[in-house]
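Protein chains in written order, with this note's numbering: chain U, 2 to 241; chain E, 205 to 357; chain Y, 2 to 654; chain G, 99 to 278.
Keep in mind the hints are simulated off the structure, nothing from the lab. The C-beta atom is built at its ideal place from N, Cα and C for all residues, glycine as well. Among the hints, erroneous ones may be present.
[Said to hold, decoys possible] Going by beta-carbon spacing under 10 angstroms, a handful of chain U positions derived as facing chain E:
no., residue
1, I48
2, D51
3, F81
4, Y82
5, P85
6, A100
7, F103
8, I106
9, V215
Next come the chains, spelled out residue by residue.
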Amino acid sequence: MIEKVKNIVFQNRFWKSVFRHGMPVNARLRSEAVMSNLFLHIHPVKIYKDSLLFRKTLGLGLISFYLFFILCITGILLMFYYIPHVQRAYQDMKDLEFAVSFGMILRNMHRWGAHSMVALVFLHMCRVFYTAGYRHPREFNWGVGVILFVCTLALSLTGYLLPWDQLAFWAITIVVNLIETMPIIGDDLRYLVVGGTLVGQNALIRFYVMHVMVLPLLVTMLIAVHFWRIRKDGGLARPE
Amino acid sequence: MSSEHDRRDFLTYLGWFATLGTFGGISVASARYMVPNILYEPPKSYKIGKPQDYPEGVNFLPDKRIFVVNNGGNYKVISAVCTHMGCTPRWIAEKDRWECPCHGSIFNNKGVVIGGPAPKPLPWYEVTLGSDNKLFVNEDRIVPFSQVLTIAA
Amino acid sequence: MKRIFVILSFLILLFYIWQIWKDYNRPYLVYQKEFKELLKQKGGGEAELDDVKFVVRQRWLEKLNRVDRCETCHLGVEDPRFVDAPQPYTTHPDADKHSFERFGCTVCHGGQGLATSVEDAHGPTEDWYKAISSDNFLENSCSKCHGDFIEQEAPVLAKGRTMFKEYGCRGCHNVQGLERVKVAPPLVKIGEKVKIDWLYRWLQNPQMYLPETKMPNFQLTKEEAADMTRFLIPRVRIKDPDNFEGGSYARGKRILSESRCVTCHSFEGKGGDIGPDLAKVSSKVYPEWLFEWIKNPQAMRPDTLMPAYGFSDQDIRDLVAFIVEEYIDLELEDDVIQQNIQFVESANVGRGKELIEKYGCTGCHEIEGVEDRGEIGLDLTAIGDSHISRMDFGMIEVSHEERTVPNWLYNKMKNPRLFKAGLKMPDFTFSDLEAEALTTYLMSRSKEVVPASYHLHLGERPSDYNPQGEFGEILDNYRCLVCHTINGRGGDLAPDISIEGSRVKEKWLKDFMKTPYAIRPILVERMPRLKISDSEVETLYSYFRTTLVDDRVEKLTGSVKEMSLKDPEVISLGKDLYYNKYACNACHQVNLKGGTIGPDLTSVGERLRTEWIVYYLSDPKAFLKRSIEPVYDFTEKELEALTAFLLSAKEKK
Amino acid sequence: MPVSDEQRMSEQEKDLKSYGLMNLVEGETPHVGKEPEEMTTTWPHLLVKELNLFYLVMIFIMGMSVFFDAPLEEMANPSVTPNPAKAPWYFLGLQELLSWGPPFWGGIFVPTVGVIILILVPYIDRSRVGTGLWFHPSRRLYNILFTVFVVVFIGLIIVGTFMRGPIWGFYWPWEPWPTH
């Protein structure tokens, strides 16, 4: 009986067009499973057994990536209701809470995901440092990682303003005043970031575009480089 | 050995089943999320005040773009949006018909096109008398010309 | 590994279901289900029941920039069947005047319209400090569209506005658009008016002497009161009050009662409330001052409400003699008075001045030798918009639900120094209702703007009617407008005399001004006997006839002439109509027979002009909107007959 | 003999591509210098682990979302400044630094130099010993320095988050803030 169901589900052209081989029960099929799929671009066919040990990495980098993925999905969904306008933004937060189905849950997931990501990226960096994983030939990838950390902060910060509540407004006001303290270019840079002299509609739309377009694209590209470099640099750093 | 293998296989299927359930469910929930529960639009059904507010004849309500026709205590409501290009036709009392200023569509007193480019007659909307004695128009319900709301004077 | 995978995949499914359940479990569903049940009981049909959808209902008020979802739970607001239903389903009492489509809910009630849970919608919450207005303060919102002038519709707000003015709040608090007026008597030459010992006692607790006074209690210590008294009356008066040349006690008593002082003044609580209570007045003021005052109050205080009676000096001396003898504080002992005076004499003048400056006495009083430094209190122009974080509750424990701006204001009104010791605002001893009225008014001071299409001024703005010339002088002298109204300005104690010229006859007016009587039998006689001269009455009447007339009445002269008002047949028809068909005697008296609701109609022909009678009968509400006389729509014949009858109804001697 | 472009291209490709996937054979890949037992297939060992980790993350985020609602304060109001006004928590360390001295040092100099030093770390530490091992003894100095950096960074955030009250005054977490 089970066999029959199995046959119907797995032994048809559609399934086979998607999954080109059967259950990877032996080493060859297992290799093929990776090689004939997207995974090859991320993972090698074979890896060291000790790299599998959880204590080696604590999975921090991967968790950071998963969080980024969840943030992308929830963020895109949230964009369907969010209007970056000073008269509407806050009202949209209330709409999400009170009137939109699953709106509050998505907002919660996005918010907590964002906070977690900042923490996780930092922890990931600590992990790499304490295991000396940045050494040759991974110097460049470490640099990419540091920049990704800065980008994460920037993503989180730009998202912070979007609800247009008191928390957002004053936190951003303080941060842009920080920018003003930069030598020489401080005033001009602040003018550019805020799009004026006060945190208002211009700042909101600028932060919005940075948050949903510019920074996610940049981070996606950097993550691609980061992952590709991991493979090219020979996977996890391990003692020689 | 074999039964052990089967049991683990079965468990794996269960796992995939739960996974499918979750992510399928999340997709459904996301689809539900996309359906707006509230609209920022003028309502399609609304009150237009007491019948007595509308004198005999054709009364234009610019806010709602409707005509309220009072024919001796028989109330009817017709759209004031020309079916051609969406201009507002004018009621010409002497000729007993609507004429659209934009492209010259002409509708007779039943809302039927008798001239000009308009493709469809003007729709009559359902009008009822609410429990608070006010006229209630529902644009979602289009009624035939013969349906009138009769209010005893 | 696989086992972990299975466990995790089921855990995640569990959390997913949990999320779905949490989202589905919206708080308003309970109310919507209950409403459906209720609707069934109220006889809602199948179709109607089907129309009850379990969704968020919202009103989008684009022009007001509001989104109100109150009707998600308040489902019966527009349905008259739910008048007796419990909240949140009760019918809104005002739905025909303020349609929900146009106004929504929160523009009047406050609260968070976007919310769909009880706590969030009604507030206050952490993220929405503006809680729903309690019914006590609800009228503050009326002024958004209607301005402040809605006496009938928003009595609490109107009362608050009047109080704000009368209690001199403007003296210490700036409010843009309101003129700063010193509402209290000027304190120049106060030493010639009041006795030192009285002022000393008064400053400590004004309500003790005059419970209804508007002067607040500054909660001064004995020393502070003495210092201030010392400053205000630097030279102690040596002259003995007994030196005043008195008059006849008995005659004074008669004049007091004839002049109907009681219309405005009370004596131990009995009497009018326009002037102060006089029961203990001779413990307060010197007789010489009282004499000068009665002789010409307006010379001493131009803004007084007291009319200048045409008394002779002897009349006044008699009056003063009676007042000094009769209206004295009997509980006050002489040695206490002496002690008080001595205590004041030893007080510190300099400190008294400092205190007067500190407490901003110059906000209400004109005080010699003290510079008015303007408003010492908070600017209240937009106090209604204040953020709750600006409201300092001090060390008082206040729960989050009670932490609202109106609540703070109310408690401040009730007890101005509640939140912090050492504050300057004095205690006005407001009652609960007064504090509510003031709070309502203060909450209405807001910069929130509603679109001009929402503005609707219901009440009449105060009129600027201000006649000049001889007539104006008389009006001013006798303070007629304290009680009467002309063209929208004046009091409401006595009839509106805006078209008196079309109404009364000259002879009657002259007699009436000499010896006023009450035209309505049930009213207490209140019109004071002003000792007005004949020539002044003539001036009055000629002004009445030329200016205070109504064309609608004057136009009737021709038709009245054509009426056969002397014809006995017509009169007897009128008599029949009066007693039988319309039963006017149910309310009106003729020769002491009949009801007492309307005015006495005996000799009405001597009082009123015939045109007026015809005019009034044809439409009683045309002039007097609040007239309760029914509109009968008399035929011309009936009109003629009734008028003829009324003209014939003379007093039987 | 003239060589067509096409031919030249294929010649070049041949030159560039020094290997090609010929065939898959059973058995382990002969890695030079490594014992074959040290390696294992990515599927299912790594991928299932990764999937499980993803589930864990999802469970964590969904759980957080069920129990805690994202904060939302009153609508932005430039005329009402909360006291204290605080930056997002991850910038509170910087804000704390700022309160100590000239804004340039705390706000710009320290973070910029911090990031630059972080990027330069691999070029400074060129040793090969202990790579891929936690807290290798040969790296004691580095680890101590980095730990100091982390502790200061987190410590400043904690101080800024929990111990700063009105007007950026210092309060212990259990101390009540003055109401005004």
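Hints, one by one, checked against the model:
At its closest, the beta carbon of I48 (chain U) sits 22 angstroms from a beta carbon of chain E; the interface hint therefore is violated under the 10 angstroms criterion. Using the Cβ-Cβ criterion of 10 angstroms, the hint placing D51 (chain U) at the interface with chain E is not satisfied: the shortest such distance is roughly 26 angstroms. For F81 (chain U), the interface hint holds, since its Cβ comes within 10 angstroms of a Cβ in chain E; the closest pair sits about 6 angstroms apart. Taken as an interface hint, Y82 (chain U) checks out: its beta carbon lies about 8 angstroms from the nearest beta carbon of chain E, inside 10 angstroms.
Hint on P85 (chain U) is violated. Least Cβ distance to chain E is approximately 16 angstroms, over the 10 angstroms limit. Checking A100 (chain U) against chain E: minimum C-beta separation of about 5 angstroms stays under 10 angstroms; hint holds. The beta carbon of F103 (chain U) is positioned within 10 angstroms of a beta carbon in chain E (closest approach about 5 angstroms), and the interface hint is therefore held. Taking 10 angstroms as the C-beta contact cut-off toward chain E, the hint placing I106 (chain U) at the interface holds, the least distance being around 8 angstroms.
The beta carbon of V215 (chain U) is not positioned within 10 angstroms of any beta carbon in chain E (closest approach about 25 angstroms), and the interface hint is therefore violated.
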